[in-house]
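Engineer: Could you slot chain B onto chain A? The hints should help.
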Amino acid sequence: MSRKGLWRILAVLALAMLVLAGCDSSKILPSDALNVLDPKGTAGEKSLDLIYFSIAIMLVVFAIVMAIFIYVLVKFRKREGVTLDRSKYKDHNTVLEIIWTVLPIAALVALAIPTVKYTFDLAEVPKGDDVLVVEVVGHQYWWEFKYPKQGFKTAQELHIPVGKKVHFKITGTDVLHAFWVPALGGKMDVIPGRVNELTLDAKKAGLYHGKCAELCGASHALMDFKVVAEEQADFDKWIAKMSAPPAPVVTAKEKQGEEIFNSSCIKCHAGMDPKREGPDLTKFGNRQSIAGILKYDEKNLKAWLKDPKSIKPGTKMEKFDFLNDQELDALTQYLMNRK
Amino acid sequence: MGTLLIMIVFGLFFAAIFTGGYNNTLIQRARKTTAWDWLTSVDHKKIGVMYFMAGIFYFVVGGLEALFMRYQLLVPGNDAFVGRTFNELLTMHGTTMIFFAAMPLIFGLINVVMPLQIGARDVAFPFLNSLGFWLFFFGALLTNMGWIFGGAPDAGWTSYVQLALNEYSPGPGVDYYVLGLQIAGAGTTMSGINFLVTILNMRTKGMSLLRMPMFTWTSLITSVLIIFAMPPLTIALLLLMMDRLFGANFFDHVMGGSAVLWEHLFWIFGHPEVYIVVLPAFGIMSDIFSTFSKKKLFGYNSMVFATSLIGFLGFMVWVHHMFTVGLGPVSNSIFAIATMLIAIPTGIKVFNWLFTMWGGELTFPVAMKWAIGFIPTFVIGGMTGIMLAAPPADFQYQDSYFVVAHFHYVLIGGTVFALLAGAYYWWPKMFGKMLSERLGNWHFWLFFIGFHLTFFPQHFLGLFGMPRRVFTYEPNVGLEYINQVSTFGAILMGIGTIIFAWNMIQSFRSKKIAAADPWDGRSLEWATETPVPFYNFAQLPEVRGVDAFWLEKQAGNKQMTPAEPLGKIHMPSGSHIPFLMSIALFVGGWGLIARSWQIGVMGLLAFGVTMFMRSFDRDHGFYVKPKELLDKEAKS
Numbered sequence: 001m002s003r004k005g006l007w008r009i010l011a012v013l014a015l016a017m018l019v020l021a022g023c024d025s026s027k028i029l030p031s032d033a034l035n036v037l038d039p040k041g042t043a044g045e046k047s048l049d050l051i052y053f054s055i056a057i058m059l060v061v062f063a064i065v066m067a068i069f070i071y072v073l074v075k076f077r078k079r080e081g082v083t084l085d086r087s088k089y090k091d092h093n094t095v096l097e098i099i100w101t102v103l104p105i106a107a108l109v110a111l112a113i114p115t116v117k118y119t120f121d122l123a124e125v126p127k128g129d130d131v132l133v134v135e136v137v138g139h140q141y142w143w144e145f146k147y148p149k150q151g152f153k154t155a156q157e158l159h160i161p162v163g164k165k166v167h168f169k170i171t172g173t174d175v176l177h178a179f180w181v182p183a184l185g186g187k188m189d190v191i192p193g194r195v196n197e198l199t200l201d202a203k204k205a206g207l208y209h210g211k212c213a214e215l216c217g218a219s220h221a222l223m224d225f226k227v228v229a230e231e232q233a234d235f236d237k238w239i240a241k242m243s244a245p246p247a248p249v250v251t252a253k254e255k256q257g258e259e260i261f262n263s264s265c266i267k268c269h270a271g272m273d274p275k276r277e278g279p280d281l282t283k284f285g286n287r288q289s290i291a292g293i294l295k296y297d298e299k300n301l302k303a304w305l306k307d308p309k310s311i312k313p314g315t316k317m318e319k320f321d322f323l324n325d326q327e328l329d330a331l332t333q334y335l336m337n338r339k
Numbered sequence: 001m002g003t004l005l006i007m008i009v010f011g012l013f014f015a016a017i018f019t020g021g022y023n024n025t026l027i028q029r030a031r032k033t034t035a036w037d038w039l040t041s042v043d044h045k046k047i048g049v050m051y052f053m054a055g056i057f058y059f060v061v062g063g064l065e066a067l068f069m070r071y072q073l074l075v076p077g078n079d080a081f082v083g084r085t086f087n088e089l090l091t092m093h094g095t096t097m098i099f100f101a102a103m104p105l106i107f108g109l110i111n112v113v114m115p116l117q118i119g120a121r122d123v124a125f126p127f128l129n130s131l132g133f134w135l136f137f138f139g140a141l142l143t144n145m146g147w148i149f150g151g152a153p154d155a156g157w158t159s160y161v162q163l164a165l166n167e168y169s170p171g172p173g174v175d176y177y178v179l180g181l182q183i184a185g186a187g188t189t190m191s192g193i194n195f196l197v198t199i200l201n202m203r204t205k206g207m208s209l210l211r212m213p214m215f216t217w218t219s220l221i222t223s224v225l226i227i228f229a230m231p232p233l234t235i236a237l238l239l240l241m242m243d244r245l246f247g248a249n250f251f252d253h254v255m256g257g258s259a260v261l262w263e264h265l266f267w268i269f270g271h272p273e274v275y276i277v278v279l280p281a282f283g284i285m286s287d288i289f290s291t292f293s294k295k296k297l298f299g300y301n302s303m304v305f306a307t308s309l310i311g312f313l314g315f316m317v318w319v320h321h322m323f324t325v326g327l328g329p330v331s332n333s334i335f336a337i338a339t340m341l342i343a344i345p346t347g348i349k350v351f352n353w354l355f356t357m358w359g360g361e362l363t364f365p366v367a368m369k370w371a372i373g374f375i376p377t378f379v380i381g382g383m384t385g386i387m388l389a390a391p392p393a394d395f396q397y398q399d400s401y402f403v404v405a406h407f408h409y410v411l412i413g414g415t416v417f418a419l420l421a422g423a424y425y426w427w428p429k430m431f432g433k434m435l436s437e438r439l440g441n442w443h444f445w446l447f448f449i450g451f452h453l454t455f456f457p458q459h460f461l462g463l464f465g466m467p468r469r470v471f472t473y474e475p476n477v478g479l480e481y482i483n484q485v486s487t488f489g490a491i492l493m494g495i496g497t498i499i500f501a502w503n504m505i506q507s508f509r510s511k512k513i514a515a516a517d518p519w520d521g522r523s524l525e526w527a528t529e530t531p532v533p534f535y536n537f538a539q540l541p542e543v544r545g546v547d548a549f550w551l552e553k554q555a556g557n558k559q560m561t562p563a564e565p566l567g568k569i570h571m572p573s574g575s576h577i578p579f580l581m582s583i584a585l586f587v588g589g590w591g592l593i594a595r596s597w598q599i600g601v602m603g604l605l606a607f608g609v610t611m612f613m614r615s616f617d618r619d620h621g622f623y624v625k626p627k628e629l630l631d632k633e634a635k636s
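If you're matching them up, the sequences are chains A and B in order. Residue numbering for the first sequence is 1 to 339, as defined by the UniProt record's numbering. Residue numbering for the second sequence is 1 to 636, as defined by the UniProt record's numbering.
Note that these hints are calculated values from the structure, not bench results. Certain hints may be false.
[As the list claims (entries may be wrong)] Once the Cα atoms are required to be at most 25 angstroms apart in a straight line, the calculated DSS-like pairs of lysine-lysine come out as:
#: 1; chain 1: A; residue 1: K88; chain 2: B; residue 2: K296
#: 2; chain 1: A; residue 1: K204; chain 2: A; residue 2: K149
#: 3; chain 1: B; residue 1: K294; chain 2: A; residue 2: K78
#: 4; chain 1: B; residue 1: K294; chain 2: A; residue 2: K88
#: 5; chain 1: A; residue 1: K153; chain 2: A; residue 2: K203
#: 6; chain 1: A; residue 1: K90; chain 2: B; residue 2: K294
Extracted from the complex, chain A is given alone in its bound form (with noise of 0.2 angstroms):
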């Protein structure tokens, strides 16, 4: 059976389930965002296919367990006037040793050998012009994306193109993060003084979720980026846009609210203070999230601006609650224009 269909009977009896109970289905059947069941990658559909596979063998080896099992449990209970003749079991049997020594060793050469072959497949460094490369930064709690070749950087969200090859180049500056992205492949550990590599792909256009992986501190749950994979054409027209300069500030709020950004905000979000680097805000106004976990909106930028550790607990933005009503007004204004 192939792995869609077996994915669908799973589906199907997870929605069995769901309509007998009369329950939301979006609580309980996994969504194509960050379903390691169903990926958009090459990545990942090896890594599944390793799943089924090493899961195949094991449902085999269970298969036999359980049948001695039950067969132990239920024909050898101690059972009222009856003995059994205990002459007839020994307490060591060569030859039945030797077969539950051997046919294990069989079924695990079975599963090592795709094994290693898969490894060596994964880290496989892409090679030629059609290869895009993606420096990866992990922040306390954030995402920093480069494209060299480009020449910008984003945070929280990552854009690639379908079909392509994208080669990741991913470190640290302060903790051990890990980079993943369950629909697409599988993660990368984010080392401080490290570059560790991973190629990822996604074949089909969609908003993935993003998330770090390893215990990075308080908000370590909220530290989540989006994974845009678009057309090359759209793909391309994002680039563009990235790489223009700056729309022009024109209204007098605008003006006003770019002092107030140069004066405050600049230090951490111009990389002027690299023990308190904060993500790059020039493109803000093409961004679909708020801190990575936000709808983007007015209303969450301002709540995001007055008690940022409200909502990530432990990030190093601080408040600016002594903005008033007008100045905060100016100041979003401002960044939802920086497109």
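Structural biologist: Frame of chain A, contents of chain B only:
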């Protein structure tokens, strides 16, 4: 300077009390109390009971921490325990369950049962045994002090750097972990040495290595693992202490340190640790299967071989915890294959258990129910273990809830089930009373069903994209209901544990003394009286084969044949020094945590003084005279 003076005055005050110079009647009165008796005991059975009860206490503490976490994860966006608090809970849950629940429960059973099984009157080093216990006790206490004073450790039980360094975990939290575990770890190492020497040197006549009960065999291998696995942890903790307390840079990448170094050191300890807690579990299961099948253990020699092989291979696989560190495909492949190899001896064990029952006469008291429940549970845990051993698949499982599900299947389905089985099985030898079978059945079924409801769905949480150690998850991506089932299961486990506690209390209150051999047992512990006299055997027994007591019973003898004439028995006398030594380290450790160097140094000095006291302690133990033994026999 003021602190120092106060500490010196306190120190002199305590010295005066203990030497009797200040108030002699007080110390004399204290010596007669039961508390003093337990505090200073070097009797392996009493130390075992203390280990066991401390383990149960921390099992409940760790369980509460788990329930708090499951409550937080009941719905997405819950705000009961978030951020640092949640990290403290998950760190202390892991640390407590591994170091302060599983290990002492195992040491408790080994302490009580192993010397009886090999026909010894005590362990080889009774003083060291007591010291090991008190070091564990005060180490565990110190680690948990963080809850009250300044914040608990919050960098995970693995305490990965750089998160565990001052810069990212400010405050004393991780210091409690570093100092507490060093003190407890010293105790663990001592116990390992003690058990090893005891098993090798203290066996009674005829008890050759290949006649030892399987529990003793697994204790032996576990002791070896402890001796080799604890040093890497000690070194790792020492380096981390240097970094946190004294400004060294072993792990700070900015200064040329390495985070990967910590991971290696931790897992060179951490993986064998898994086998340290699971091998004795295998031993308990082997004894129980054999007893309640009324059959000799199937394939005894291959069981011994498999145990040793698991112990050996356990040191060869640590990198499978680090497949995503980026060590490259060559090392990943090698460690993947080494990991898969462990399945072979483990498989041998499972089949041997099944064939021990094959042709037996199975009865199912609660102890056997745990053993029966163990087989499918542990097999599932083992199978997910092999699935995790394949790096390309592991890239997806790593640090997701799939891993959480896997190691709980192994550690609860393997270790905890076995410890509970062992508790029901050896309870009459430990406490001289029986546990209620009726309550035990409730305990078993609630805990067993609760366990599977809690952890089986967690495999799917991981596959649906939920990382581990998170205090919240996204709504509407399929995670809500599964998390709720998991929390519900955890509550069932909690209720089961409450019933177990009630069962224990009922047993302590009951007046009925258990029979000496309630299960028709096979090994030497069942040949002793209940309650077991402090010298265990008036005359050491002679062993004529595997399942020594069973052989005698089959031959029509009611008791073991003595290996020696009735004579005077040399026993060690109790000592309060281990308790003092541990308090000294506790105070010193806490001083270092509080960055009060005076108190830290005072604690270490006091430790040195107590060691000095011990070195010049002219104590050769005492003798039990044959007349006392005969009198006792006549009375019973």
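Engineer: All hints are to be evaluated individually against the structure, with a verdict given for each.
Structural biologist: Structure-based check of all given hints:
1. K88/A x K296/B: 14 angstroms, holds
2. K204/A x K149/A: Distance of about 24 angstroms is within 25 angstroms: holds.
3. K294/B x K78/A: Holds, because 10 angstroms separates the two Cα atoms, which is no more than 25 angstroms.
4. K294/B x K88/A: It holds: about 14 angstroms lies between the C-alpha atoms, which stays within 25 angstroms.
5. K153/A x K203/A: 24 angstroms, holds
6. K90/A x K294/B: 13 angstroms, holds
The earlier numbered hints are all upheld by this structure, with none contradicted.
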